[in-house]
Amino acid sequence: MSERVTFEDIVRDRHIVVCCGTGGVGKTTVAAVFAAEGARRGRNAVVVTIDPAKRLANTLGLEELSNTPHEIDRSRWDPAGSAPAGRLSALMLDTKSTFDDLVATYAADDDQTERILTNRFYRNVSTALSGTQEYMAMEKLYELHEQGGYDLIVVDTPPTRHALDFLDAPRRLTRLLDNRIFRMLMMPTRAYLRVASAAVQRFLRTASKVVGTEVIDDVVAFFRAFEGMEEGFRNRATSVLALLAEPSSSFLVVSSPRRDAVEEAAYFAERLAESDIPVEGLIVNRVHPAFGDERVEELRARAETLAAKRSESVRAAGDGAVSARRLAELYTNLADFRQVAECERHHVAGVKARAGRAAVAFVPYLSRDVYDFDALAEVGRHLFTTTPTAPARAP
Amino acid sequence: MTATLADTAASAGLSVLIVEVEGKSGLAACFGRPPLGYEETELAPRVRGRTLTPDEALVDYLETHGLKRISKRLVRSGALEVVSSAVPGMKDILVLGKVKALDVERAADLIIIDAPAAGHAISFLMSPRGLGDAVRVGPVNKQSTDVVEMLSDPARCQVVLVTVPEETPVNELVETAFQLEDRIGVQLGPVVVNSCYPEPGVPASMEEVRQLADELGVFVSPREARDLVSAAEFLRERYALQQQQADRLAARLPLPQVRLPFLFTAELGPPEIDVLAATFAAQVDALTESSWGRVTVP
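Residue numbers (numbering that gives the first Met the number 0), protein chains in the order written: chain A, 0 to 394; chain B, 0 to 297.
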């Protein structure tokens with residue numbers, strides 16, 4: 000078995016880094032940390048974020064959705080000017096216009112683009128179909144890979160109900176296009192009338208009964224308008240998945256130390272491994288500090304002894320009662336946090352064993368919220384053990 | 000939170016039905032039971048639970064409306080998948096429609112829907128309104144109208160929003176609250192702030208611990224003193240951050256807040272839920288004579 004990967008390997012050598020995990024575990028933060036670290040190590044890095052917290056967005060200079068990366072002034076992420084000459088850019092994914100651009104790319108002419116963009120069904124699909132955001136994140140990634148000239152592309156993934164959804168995302172539209180019924184709808188009009196008429200008509204009647212004819216008309220119009228484009232979309236989806244499976248692409252799973260989140264992360268890593276996409280890094284975020292190594296029971300026993308002393312002291316009189324209560328409180332508090340820490344470490348120990356050769360890091364709760372470059376660098380210190388002095392290896 | 004609410008209501012003598020719409024939550028585990036299925040199971044005295052998925056809800060609906068043959072064809076041909084892509088919210092309306100049916104037949108005194116997380120919750124609850132506009136005729140329209148009626152009737156339905164006192168969750172909650180009120184006209188119950196650390200004492204220092212130890216004639220090693228102080232400091236810092244966020248929430252959202260404690264124990268099981276339910280009940284009593292609607296969406 001080969002050696003364990005390190006986060007340095009990833010930030011120095013990989014071309015694409017995808018951060019996955021369930022919502023609320025700090026994925027966006029981790030993505031920003033990786034991109035900033037890449038830049039400090041001399042790489043031309045870009046981070047694609049999805050709905051970042053406001054102050055983090057401000058830090059990255061993202062006031063609104065954008066479709067093109069925006070470069071962040073070097074003095075912001077490398078105030079000392081000590082790093083090799085890397086670059087850092089960021090963008091906040093605009094799902095709808097990314098989709099619009101994609102349509103324009105594959106449409107035969109402006110007329111076809113126009114017919115699709117104004118179709119009501121298309122508007123639903125491009126804004127509300129579940130998985131579209133994931134799909135467009137992957138699409139944007141591919142576009143930046145093809146045209147951007149970036150060494151390092153870090154992608155945040157949308158908070159999904161099930162973290163695996165995004166892998167399936169590029170296939171979702173093609174699956175929709177592959178549906179038997181819609182293939183019939185897309186046949187050239189005359190053939191469609193002759194060959195498929197009966198089956199299609201029956202389906203349309205049934206569907207109209209449930210959702211009304213207007214909706215069905217929109218759907219039919221959409222698929223007609225889409226004619227000839229599905230090949231382009233299908234090829235594109237295949238290319239995106241092929242890119243993600245390359246060894247220069249790296250997947251990180253971000254988790255919190257809560258039992259359900261850890262379970263989900265392990266499950267996710269195992270599913271990815273089944274698709275021949277090994278997870279290269281596991282980051283457990285917002286871990287409570289350990290506060291020493293004393294056993295919880297002993298600390299609780301001490302708190303109790305002190306509480307007992309307190310009742311003795313009350314009889315004896317004096318400040319002893321106050322002091323004993325105070326010290327007992329401190330012991331109880333330490334016992335509480337030791338208990339949380341033990342419990343969290345117990346949950347993550349199992350995952351570490353299942354992580355194979357992936358790098359594993361624990362990022363403790365910081366004493367402040369993470370939203371500026373200083374705080375991002377502080378998180379980075381828990382991931383990268385060496386300082387960024389060596390210039391990037393040529394890709 | 001759903002479990003806490005159910006436990007509270009059950010203690011008050013109400014029968015409760017929990018509806019899980021996402022699957023894979025640790026809900027049943029809170030009651031020490033295996034995961035829920037489409038068939039109702041008893042989770043605790045007076046508390047039952049079940050899941051609801053769009054496919055099952057659709058078949059259910061069509062069968063009770065004498066359209067059994069269509070239902071089979073729709074599901075088999077994959078048309079449901081295509082139609083629900085065509086009509087966003089189709090799946091949500093199927094689920095909410097079934098909840099409405101449960102409400103109408105008075106399946107329990109209180110029906111609690113364990114709804115999706117913030118972003119998804121908005122589209123989940125918005126779907127009937129949007130659908131009613133998009134599909135102007137037929138059963139989907141009828142269903143949407145009925146569901147909107149249920150959601151916007153404060154006597155039948157309230158939404159309980161739950162968050163933790165951290166920046167992003169608070170922002171999401173505020174946004175969700177305004178959207179739900181403005182766009183659906185749904186009645187919001189008190190906001191629940193989960194995982195609040197206990198109030199810390201005054202700042203501690205190594206010097207103080209040494210003095211306390213001397214005074215009480217007990218031995219505290221320097222390492223242990225350091226751990227005591229850093230744990231106390233950690234609590235102070237995190238507590239202050241949490242306070243900031245809870246205050247910010249109060250400033251931006253004029254709704255009563257119920258704060259539930261952070262639990263230091265390993266797992267969330269029946270005893271922990273009882274503790275939370277007691278805290279919750281005490282705070283809600285203090286707020287008002289709150290009259291819960293029959294359908295509550297935490």
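I should point out that these hints are in silico values taken from the structure, not numbers from a laboratory. Note that the structure is predicted; figures quoted are calculated from it, not measured. Hints are supplied without guarantee of correctness; some may be wrong.
[What the hints assert, rightly or not] Restraint ranges, calculated between C-beta atoms of paired labels, are given here:
1. A:Asp8 <-> B:Asp132: 48 to 56 Å
2. B:Ser220 <-> A:Pro288: 12 to 20 Å
3. B:Gln242 <-> A:Asp373: 51 to 59 Å
4. B:Glu232 <-> A:Thr384: 24 to 32 Å
5. B:Ser194 <-> A:Glu269: 26 to 34 Å
6. B:Gly12 <-> A:Ala244: 52 to 60 Å
Yeah, the Cβ is synthetic: ideal placement off N, Cα and C, and Gly gets one too.
Going through the hints against the structure:
1. The given range of 48 to 56 Å is respected by Asp8 (chain A) and Asp132 (chain B), whose C-beta atoms sit roughly 53 Å from each other.
2. The hinted window of 12 to 20 Å between Ser220 (chain B) and Pro288 (chain A) holds, with their beta carbons roughly 19 Å apart.
3. The supplied range of 51 to 59 Å is broken by Gln242 (chain B) and Asp373 (chain A), whose beta-carbon atoms lie about 23 Å from each other.
4. A C-beta distance of roughly 26 Å is found between Glu232 (chain B) and Thr384 (chain A), which places it inside the suggested range of 24 to 32 Å.
5. Between Ser194 (chain B) and Glu269 (chain A) the C-beta distance comes to about 29 Å, which sits within the given range of 26 to 34 Å.
6. Taking 52 to 60 Å as the suggested C-beta distance range, the pair Gly12 (chain B) and Ala244 (chain A) conforms, at roughly 58 Å.
In this structure, the one hint that does not hold is number 3.
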